[in-house]
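K.L.:
Chains as they are written, first to last, in the UniProt record's numbering: chain A, 1 to 321; chain B, 1 to 321; chain C, 1 to 321; chain D, 1 to 321.
Treat the hints with care, since some could be wrong.
What the hints assert, rightly or not - Under the rule of at most 30 Å between Cα atoms (straight-line distance), these lysine-lysine pairs were calculated in the DSSO-like manner: (1) K223(C) <-> K164(D); (2) K251(C) <-> K130(C); (3) K130(C) <-> K164(C); (4) K254(B) <-> K130(B); (5) K160(C) <-> K179(D); (6) K160(D) <-> K160(C); (7) K4(C) <-> K75(C); (8) K279(A) <-> K223(A); (9) K179(A) <-> K164(B); (10) K179(B) <-> K179(A); (11) K164(C) <-> K251(D); (12) K164(A) <-> K160(B); (13) K160(A) <-> K179(B); (14) K4(A) <-> K279(A); (15) K279(B) <-> K179(A); (16) K223(C) <-> K298(D); (17) K251(D) <-> K298(D); (18) K160(B) <-> K243(A).
Keep in mind that the hints were calculated from the coordinates and are not lab data.
There are 4 protein chains.
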Amino acid sequence: MQKKYDVIALGRACVDLNAVEYNRPMEETMTFSKYVGGSPANIAIGSAKLGLKVGFIGKIPDDQHGRFIEHYMAKAGVDTSNMIVDQEGHKTGLAFTEILSPEECSILMYREQVADLYLRPDEIDEDYLKESHSLVISGTALAQSPSREATLKAVTLARKNGIKIVFELDYRPYTWQTKDETAIYYSLVAQQSDIVIGTRDEYDMMENSENGANDVTIAQLFKHQPELIVIKHGVEGSYAYTKEGDTYRGKAYKTKVLKTFGAGDSYAAAFLYALNSGKGIETALKYGSASAAIVVSKHSSSEAMPTALEIEALIAEQDQN
Amino acid sequence: MQKKYDVIALGRACVDLNAVEYNRPMEETMTFSKYVGGSPANIAIGSAKLGLKVGFIGKIPDDQHGRFIEHYMAKAGVDTSNMIVDQEGHKTGLAFTEILSPEECSILMYREQVADLYLRPDEIDEDYLKESHSLVISGTALAQSPSREATLKAVTLARKNGIKIVFELDYRPYTWQTKDETAIYYSLVAQQSDIVIGTRDEYDMMENSENGANDVTIAQLFKHQPELIVIKHGVEGSYAYTKEGDTYRGKAYKTKVLKTFGAGDSYAAAFLYALNSGKGIETALKYGSASAAIVVSKHSSSEAMPTALEIEALIAEQDQN
Amino acid sequence: MQKKYDVIALGRACVDLNAVEYNRPMEETMTFSKYVGGSPANIAIGSAKLGLKVGFIGKIPDDQHGRFIEHYMAKAGVDTSNMIVDQEGHKTGLAFTEILSPEECSILMYREQVADLYLRPDEIDEDYLKESHSLVISGTALAQSPSREATLKAVTLARKNGIKIVFELDYRPYTWQTKDETAIYYSLVAQQSDIVIGTRDEYDMMENSENGANDVTIAQLFKHQPELIVIKHGVEGSYAYTKEGDTYRGKAYKTKVLKTFGAGDSYAAAFLYALNSGKGIETALKYGSASAAIVVSKHSSSEAMPTALEIEALIAEQDQN
Amino acid sequence: MQKKYDVIALGRACVDLNAVEYNRPMEETMTFSKYVGGSPANIAIGSAKLGLKVGFIGKIPDDQHGRFIEHYMAKAGVDTSNMIVDQEGHKTGLAFTEILSPEECSILMYREQVADLYLRPDEIDEDYLKESHSLVISGTALAQSPSREATLKAVTLARKNGIKIVFELDYRPYTWQTKDETAIYYSLVAQQSDIVIGTRDEYDMMENSENGANDVTIAQLFKHQPELIVIKHGVEGSYAYTKEGDTYRGKAYKTKVLKTFGAGDSYAAAFLYALNSGKGIETALKYGSASAAIVVSKHSSSEAMPTALEIEALIAEQDQN
């Protein structure tokens, strides 16, 4: 069946303020560059840049930052018709990035009263969801009410209408109250998703445990809806497991790291692009890793999202050696 | 397998303050009698009185009302080892009942900062749950965090350990923010429960609709976990539907109504008692209706819970005619 | 100048639920009697009963308890035209009294989201204030916004219009956040009042100190507006100090104590009645003590407020010995 | 008497993020420069730069922005020993400035959960206050608890210790709930201050009125503590009124306006510097206006604070014509 969108992403779209003068403490950074940020926004932008047809469900403030986000995403090719403009004075989330060195990066977050977490269940449009093959849920959208309930409603409607759910765990500690709470909602949504993507640490949050084992994680999740589970282990590469029992391993590509931000989002965008393009899981793992390698070598997350040609060039170059 | 408890109920245990002088506006009532109240507490008390082995999971304040509740329930035969004593100054919920006439009853609720809604996920003890054949969940426990997450955690643990979940919808408008929110959490839990009990109006809340039809409701729920669904239609009686396709109808028994409070709780207690005693669904419907008929003819909800002999006497008396 | 009211009291009007079965823990009390309560309401009722022309500024809920309060106070002779009916679902404060013995009394308070603390500055009517000779402020009205600001506005308007301000410290710990906060607002209002009445402990709260001395307290307050300061020392009697330097001591009258509640309110009502009737400070101290002695021997606070004849009888009886 | 400080300022110290690319909507600004901001911080920095001995009372977050503020102010010569480091995760306030044209400037504020409004009464050090001749209070510090109570406590302690209070009305709508509330606290503090400085609009907020008249304002305030009142009328200049009945008018100096931010703060800094230096009110008005004229022609507020030489040069140049 032909649908209007390959992917609709749901969750936050924010502003990154990246240190112009880096390799120093942020106290000494006097200038910041503005970019669109937020995991689901980055995934949407990255997917659109790769050629997928992409929509977005989220909430942005009625201010200059909100309008910047909407303009930028529209220009990147993302349908913004379901980005609700907040009418209650909420703000755009901000992430000031500090790049002390390629290995030491930190983020100073402004996430108080942010518009994205005020998305309401009644603002989820079933007809919009029906126009997409898949729905990408960001775990952070579950962190607070009413965004939590809006997300649970979108999951229910996606299941009801046979839309594939991709759950990007995207765990950010600053918006959650307790580990128990995180584990409860992560488990609920993971069990109802078709594809789950996250780092090993994020799966540990879902299980409210430490040093979890992949085989235990997949055994538990495959009792429910999931058919494909991706677990990322940083520089050691990533694993994809299927319900049928296949395991794929993807290696990490070499790159000159500028900062670590944006790796996960670019990975997800390229992985989903490859899957949607019928390239198979093994190739999708390569696309994800290559895309992440490109983004961490650049200053931004969203603006740096690579094209398919760039990704393929990197894979070709490093795989031949 | 022999277990310590037939039923563990989870949710609120409160205080009812019932008008001593009734058939008048509460403004003119000058004296109030104190009883234990709250749907799951009433169900626990009623079940224990009927002979079931009953436990309770909830939170009570560290004050005179909290201690009264704990003493009363213990004396009624309910295990109170998992009634957590709140340490943060929360209060016992209060329900002042106004009995204008048998048909016109209203309740003035005090539900601000009530201890029962502060039950936390980390206070749910998996080992305690494992000792029971079934877990009765009250819908009101889902109304606010952290009780909501504690309840979702109990549901997950019950499923994991093969404990039957009985979901008493028990919808009380005053603790919920929006209809959307109610529908989302009611659906989530109903889909994971084995038995669902509620009035037609309560199922409408779960479906965020009006004038819903029983066949639509059961068709939707039987796609998931439920195997037995009870839908009550007031004086018109109640229906029980099984996943196998059987339908049972229970009639309402005649009684001299003093007030309408407590009908649902006494119904649930007797219905569960009959089921647990292997009396079959048809008899369980009779037990529920007879128990409700007895309680609405008396001044309290908890104190008035009937014995099996009283229930059987009423059934025998009215069924022979 | 002839004015419509001798006194307008500002603050809370609540419901007391007094144990019918007493001299036991409240856990064992099964019946409660309902009375109007709250310090300024009691003072208003007591003053009206003694013959003063009395008005009231406060906020009551739109429910059965709110209507009971309004009816009761109106019947007692208090003008209730400025008792605003809350439209936002707030509640009547409740005080369950526990009388273990005449010496051991405690109160279980329900003060969450109470209507009286939601009185707003824009609900203070300057024209109403102008119709009174004096304004009685209860310290508890300063505990939370917006009642705090409404009270500060009433103080400013009273000062502007030459209305005497009587500040009844009426300190209740459960509504205040910190001692610092209490001291700041108590000092602000005491410095702008004409008459200040409180126990030694309450003046200590105002000074954020312990074991304060009366001479220090009055030296500090007489630098500002106050002209008459009453400091109560329980069974040791009370002192009245004037700005001109006079000191009066009032003794406590003997009585058969049933409970300690209501002593301060009945004291203030009778003290103000005597002052307003031109009986002089010495006699006013006697009236206050005698009124308190009567109320602590009875079951309620408001209903038990004595008449002038009863007060005078007690004084005559005990002073002749 | 020789004291350690001429001035201690109390209130917020924040971060300004000023558009690098200006004369355009902020949506199109891609780079921002970071400066210290916030009215009392700017006044402190400006005063220190002019040669006064300056202290500061405030609260900053335990993060990169907080440390930047503290370092910058210390380097500017402000004593930062009483800048409390918040331990509860509050944030630095942010002001993104949009400069559409010299006449059209706006600010996108981040003031949710900002550290400065969490200064507590117990963090006000009386000994520190005693070391200063004067205390500058910013009106915004009154906007929320507990900063409101900390400020009221500082006012009380300053009065008690004979320290002159300078009240900079500094009204910012985004932190206040209602006009009533603003008027109540502004009046309370203005009546207890020695010098009050504000725009005509700000005095209207204090009076909860519109189009107020200066003579009414000063007649009311001179009944209380104030001895000097400055009312600013933008380009029409400013007026200073003394309790003795003198009126001084200061004109506005010509300048090439880049943006309007920072005018009031630089005015206050230079005005206070001139007064403290014994230059008299007439000269102080010139200093205030000249300092404002210089700051509005530059990109920042804090960094642009002029030296005495620059101010005197501007006055000399424009006054000779």
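K.L.:
All hints are to be evaluated individually against the structure, with a verdict given for each.
P.N.:
Results of checking the hints against the structure:
1. K223(C) <-> K164(D): Roughly 19 Å separates the two Cα atoms, so the pair holds.
2. K251(C) <-> K130(C): 35 Å, violated
3. K130(C) <-> K164(C): Since the Cα atoms of K130(C) and K164(C) sit roughly 11 Å apart, the hinted pair holds (cutoff 30 Å).
4. K254(B) <-> K130(B): At roughly 40 Å apart (the allowed maximum being 30 Å), K130(B) and K254(B) break the hint.
5. K160(C) <-> K179(D): Holds, at roughly 20 Å.
6. K160(D) <-> K160(C): This hinted pair holds, its Cα atoms lying about 24 Å apart.
7. K4(C) <-> K75(C): 18 Å, holds
8. K279(A) <-> K223(A): Within the cut-off at roughly 27 Å; holds.
9. K179(A) <-> K164(B): 27 Å, holds
10. K179(B) <-> K179(A): Holds: K179(B) and K179(A) sit about 28 Å apart, inside 30 Å.
11. K164(C) <-> K251(D): Distance of about 45 Å is beyond 30 Å: violated.
12. K164(A) <-> K160(B): 25 Å, holds
13. K160(A) <-> K179(B): 20 Å, holds
14. K4(A) <-> K279(A): Holds. K4(A) to K279(A) sits at ~21 Å (cutoff 30 Å).
15. K279(B) <-> K179(A): 43 Å, violated
16. K223(C) <-> K298(D): 49 Å, violated
17. K251(D) <-> K298(D): 20 Å, holds
18. K160(B) <-> K243(A): 20 Å, holds
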